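*Asks:* Residue numbers (the working numbering): 88 to 158.
It is worth saying that the hints were derived from the structure and are not from the lab.
For clarity, every value in this text was computed on a predicted model and none was experimentally measured.
Just to be clear, a hint being listed does not mean it is correct.
[To be verified] Quick list of the computed label-pair ranges, beta carbon to beta carbon: (1) Glu140 / Leu95: 35 to 45 Å; (2) Val104 / Pro137: 31 to 41 Å; (3) Arg143 / Glu92: 16 to 26 Å; (4) Asp112 / Pro137: 18 to 28 Å; (5) Gln151 / Glu123: 19 to 29 Å; (6) Glu147 / Ser121: 38 to 48 Å; (7) Gly135 / Ser114: 53 to 63 Å; (8) Glu139 / Gly115: 14 to 24 Å; (9) Leu133 / His102: 23 to 33 Å.
Idealized CB from N, CA, C, for every residue including glycine.
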Amino acid sequence: MAVLERALREVVRRHEVLRTSFREDVSGPVQVVSPEPVLTLERKELTGSPPEEAWRLAREAAAQPFDLAKG
């Protein structure tokens, strides 16, 4: 997992659009680019779990709304 996290951080570091969020200002939405990538992968132990459990967790994660203010 550490290698995957490092690779994803490098991709995010290279492409500022992946570090972009939107904040509300008095004049309307403002685009903000974070200087450093903030990325953490959530780990779930599924050893011994049925495959359906992995699919359930994937559907649950996919159903989460994306917050443009957090990025």
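*Asks:* Hint by hint, note whether the structure agrees.
*Replies:* Each hint tested on the structure:
no. : hint                        : result
1   : Glu140 / Leu95: 35 to 45 Å  : violated (24 Å)
2   : Val104 / Pro137: 31 to 41 Å : holds (38 Å)
3   : Arg143 / Glu92: 16 to 26 Å  : holds (24 Å)
4   : Asp112 / Pro137: 18 to 28 Å : violated (48 Å)
5   : Gln151 / Glu123: 19 to 29 Å : holds (23 Å)
6   : Glu147 / Ser121: 38 to 48 Å : violated (26 Å)
7   : Gly135 / Ser114: 53 to 63 Å : holds (54 Å)
8   : Glu139 / Gly115: 14 to 24 Å : violated (45 Å)
9   : Leu133 / His102: 23 to 33 Å : holds (30 Å)
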